[in-house]
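Each chain, written out:
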Amino acid sequence: MPSPLEEPYRLEYVYKRTTGPVTGAFLAGLRSGVLLGSRARDGRVLFPASEVDHRGGATVGLTPVGPGAVVVTAVEARGGHPAFGAAWWALIRPDGADTSMLHLVGAPVRAGDRVHPVWAATPAGSIFDLVWMPGEAQASAATWSGDVVTTVRTPVGLDYVARAGVAASTFFRALAERRVLGERCAACGKVSAPMRGGCATCPDAAVTTVELAHTGVLTMFTVVRFPFEGQRLAPPYVAGWILLDGSDVPLFHLVGGADPDTIEVGARVRAVWADAPVASLEAIQHFTPVSP
Amino acid sequence: MSRVGIASLVSIRGDGSLDERELVRAVVGRAIAASGVTRAQIGATVSASNDLVVGMPFSFVGPLDVIGAWPPISESHVETDGIFALWEAWLRLTIGDLDAALVYAFGRGSAGDQGKVSALALDPILTAPLAPDASVLERLQLQAAADAGVLDAVDVPTGPSPPAVDGAVAMVLVREPLRARAWITGFDQRIDHASVGWRDLVGLPHVRAAGGGAGMGAAERIVLSAPWIGQAALVADALGAPRRAVRLLDGPVAPMAAGLDAVGAALRWIDDGARVVGVIGSAGPALQHVAALTLEAP
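For the record, the sequence lines run as chains A and B. All the letters of the first sequence, read from the start, carry residue numbers 1 to 292 under our numbering. All the letters of the second sequence, read from the start, carry residue numbers 1001 to 1298 under our numbering.
Be aware that a few hints might be false.
[What the hints assert, rightly or not] Which bits of chain A does chain B cover? Going by a derived footprint, with three or more residues having C-beta under 8 Å, they are: (1) 11–20; (2) 66–78; (3) 157–169.
None of these hints come from the bench; they were simulated from the model. Quick reminder that beta carbons are idealized off the backbone N, C-alpha and C, glycines included.
Whenever a hint applies, use it, and build me the whole structure from the sequences.
Here it is as structure tokens:
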């Protein structure tokens, strides 16, 4: 069996998050060089500040804590940290607080060590506004004015390798040879494409591979009229479900060269192949109406 | 109330060449064939997977082909470890309106850096941006235990987390009078706070509560789906069990399928003559969300 088709890709997005009044105050505190906790109803002080007491109910107000703090426990950041360099991951509990938060210390530390915050030169109202260093804190004149950071931008990026699987790899490789493969179910006799290694309605039935025509019928469609990134046709264009001749299940593709205002369900279409062979659905550039 | 049990369980590992649908297809038919019930008797299906593990939106949809989802069936999905899909199916069967249910879970650990994926389950504003991978939180948990004198310093891992692989597990749950390989005598789940600094990482009170709720005190042996032996010791302490009674699930595991693989390990103990065994499945960083399952030989 040939190896599956694979391709690396990166999933990346910048989330814009609403912080709410309490976490927003905590972040504004960081921007001002102040550590804020929340008072619980029973007198405990929760850090970092939170709307919710994990033992139940809402918290009842904000209170400054620290800036001196103790390391609850710590481990080395292997290979360093992308933002802070050589660092130790630590659970850090500021003086006056009953709970700790996960953050980074820029030098070796262990449980019980005293640490203090070192503030960023240009604070942004984010968790990156400080790093911790061993030693006692100096007296601080910083105050929090009561302002709130209402949103933060948090980028997320993950690297993947997409592997297409046995049936899909066979289907895509055939497309690179300008062949459209489907599967016929031994139980219900229906033919479907793309290949998926089985029948979607007869789970225990065998399937055989069949070759399909490059022509078919438009069974449903929508008209795309707005531009977006990665678009392959210039709007307005038709995107829809195409039932290839000899198949019982439509597949989704684009329809180019059609007048969006006059095209109708039932229109005959044919595949327009891309100039360069490619083992993906993009081997078919789009479908286009066949003149009656 | 009639008892609910596990009739069959089938697990596979993939080498990267099978997609989600093919992984699930490789286990579901065999699990049903081994269960003694027909597809027509299965009244509900509950599945588990995670889009960020696979790196694809709606990754649970493709595998629905494998269960014959037309005409429409009763089907639901959880975006977490399969042990919680099993919990939902068990709950449904205890209501008594179904005779059998199918549970499956799949993950493609080879698709991406799973340590980074788990970091995204953390507080998105204050913790996830710092990008601590799963092993950071596990090491902090075990270092805290060593600091407290509960574990030895050698129990704190120094190497990376075990690599994640591709895999799928399917199982059939049945209600009496259908025949089971093991009966479920208790099942409970508890979740701890999302802020790692607010948790009792060493005492694990939520594990104690779940084990108590599942009646796990009678278990001769307990299998834990977690990567580090030190975590097994902490779980044993929380459950009030001897440390030698709690074993880690062996070998490389597929994300989201690990909890059901732990159930498979417990079933093998029953097959080999054990009377009562326990399973602790987990999700989230450093055992944040746990399920405790107690099984009894038929």
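Name the hints, by number, that the structure is in violation of. none
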